[in-house]
Structures are given as C-alpha cells and as structure tokens.
Amino acid sequence: MKRVVEIAVDLREDFGPVRDQGPRPTCLAFAVSDTHAGLRNDWEALSCELAFFHALRRAERPPGVGATLPHMLDALKLDGQPVEEAWPYLTATPAASAWSPSAEVGMPLRPGWRQPWPRASAWVRAALDSDLPAILLLRLRTASTLPNSTAWRFRPRGDPAGRTVRHAVVAVPHGKVDGDPAILVRNSWGADWGMAGHAWLTEPVVTPRLFGLAILGEEVDVPAYSAAA
Amino acid sequence: MADLAASGFAIVGDVREAHDTKGVGAPVIRRVTAAPQDAPRGRLEVEQRRPWARDGAIASLALDFDLTGPERTGYSRAELRRILEAA
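Protein sequence lines, in the order shown, are assigned to chains A and B. Heads up, the first sequence is in this note's numbering, so the first residue is 671 and it goes up one at a time. Heads up, the second sequence is in this note's numbering, so the first residue is 35 and it goes up one at a time.
Just chain A, with the same shape it has in the complex:
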C-alpha cells in the first residue's frame, strides 16, 4: 500500500549512513553516539563502543546487557567519546575481562548539554523544529518491518503498546503519513532495514510506547574537564 508522506523538518543530512549494532544490546549507545555525531558540523562516526563501555562501567553492568539512559548521558558528559577509529565497534559481545579501551583512545568529544525531556511525542516535534534530533526510548513486544517499507510494521498480535522489549532510536524528521502526525526514526539495524535504515512511526504508535526522551545540546566539542576544576 502506497503511503502519502509529507515532511515538515528533516535532519537526515546531518547524519551519515545508518549503522548496524548486529546482535549486541547496543541500540542506546548507537542512538546517543550518533546523535552526538549528528550535531557536529561534519558527520564523522564517533566511538559508540567507548560510550557503551563507560555507560556500563558506571552502572556496574556486564558487557552483554543493555545500558540505561542516565548512565549513557553521564558517559557522554564525563567521559566523552573519540572518533570511531579510536575504538571501532566490536561485532560480538566481548568477554568482560578482555573489554577495555586502549590507552591511546584519542581526544574525547563531549556534547554541550544533555537532558531527559518529558516523554511526550509533542516534545519530539518541538525538538526537531529546533533542529535538534531526539533520542527516543520505546517499549515494544514484537517489532519488525519489511525491507523498503515506509512505516514500521507492528504485528497486531502481541503488541498492544508492548511492555517487553526496550529499544532506542533517533527521531530525525517529522511530518505526516497519510495525514497522521508522524516521526521518522533512524534505527541501528543496518541499511537493509526499512528505508535505508529509517522508518516512519505515527503518533498513535509512538505515544503509548514512548517511555524516555533525551535531547543533546549544540555545543558539541566541549573541552575535557580540567583536573583542577
């Protein structure tokens, strides 16, 4: 079924190609890391491996589990993240004993400010209207989509505002799909998913599933904290 899409704000040009988290529980790290990278003047992928490492270290969690939003934001604020080449993403979950960055990980970059926002889809539109991508935390039960489909296809059975799977994506444009207010999300499941890694979510789909929202600020290369500060 062909859908009519009207785009009001589109921040996709600020981002590089969609990345692929593979089978690891790193969706939040990709969402936060790519949002930070998208705020900088020229796209250059940042080390989501290091951001994920520091978020789990701060939460005292092992490498095979998901991160939490407060610890991920702390990791960006206090540890920063270098460019991707400094510590490239690992395709498989490493053993905890073998998981640590090299001593020469490079200059960490930090966004200017970061904060959770009220978890309402109207705030997502407000952020995008201000040219700020929004990090969305969604609760899903089963979510899938066919390649090249326009809208994220939720299975009707077992996903009535699901309560099981927590997933993070980045809202980049907003607009309307078939007349309904909608948000286009950048996923981290590779370019084969959806439309080159993106899919539209209408507000009736987003609103009951949205349980967290965060915005990063524009001052994206704040110097490292001084030891004397």
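Calculated directly from the structure, the hints in this document are not laboratory data. Hints should not be assumed to be uniformly reliable.
[As the list claims (entries may be wrong)] Chain A stretches covered by chain B per the calculated footprint, using a threshold of three residues with CB under 8 Å from any CB of chain B: (1) 694-705; (2) 737-751; (3) 834-840; (4) 855-865.
All C-beta atoms in this analysis are idealised placements derived from N, C-alpha and C, irrespective of residue type, glycine included.
Given the coordinates of chain A, assemble chain B onto it according to the supplied hints.
Chain B in isolation, oriented as in the chain A frame:
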C-alpha cells in the same frame, strides 16, 4: 515461524520474556512451543535471523527428536535403532 508451520508443526505458543528491567536493548528470551502434527520423529533445524538482513544466520541449532511416547525398560528406542541399523 512460517517455515516451522510449513514443516508440519503447530505453533502452540510464542512469547518473549525480558529479565532485565533496567537496560535498554537488553536481550530477551523468545520461547516458541511447537507440536509436530504428522511425524512424531524427525530432525529439527532452527536458525536465528534478522528478518530484514541479507546476511546469514546469527545462530543455529539442530536436534533429533522422538515424541512417540514413554520409553520401555531396556534399550532406548534410539539405541535399538542403532543396533538394528548396524545388524
């Protein structure tokens, strides 16, 4: 799941269970219950794939199953089959 049904299994249950209540993107356990409708014995091969991905399976599992009922005393059915095949 469609392949499982097409192979003669009735899908009795399909649920996902999350055990990590804090992390975002945490792994979940998917518990599929399927009953063979025709042959009570056979070989089951399952693969974990991302439906949209063009690359190969993330993980796979193959096992022989025999649901013909309780074992009698003595040799198991599998042992008897091996003995008879060797004879």
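Verification of the supplied hints:
1. 694-705: Our answer is that it holds, as 4 residues pass the Cβ test (under 8 Å) against chain B, meeting three.
2. 737-751: holds (count 3)
3. 834-840: With 5 residues close enough to chain B, the hint holds.
4. 855-865: With 5 residues close enough to chain B, the hint holds.
Against the hints set out earlier in the document, no violation occurs for any number.
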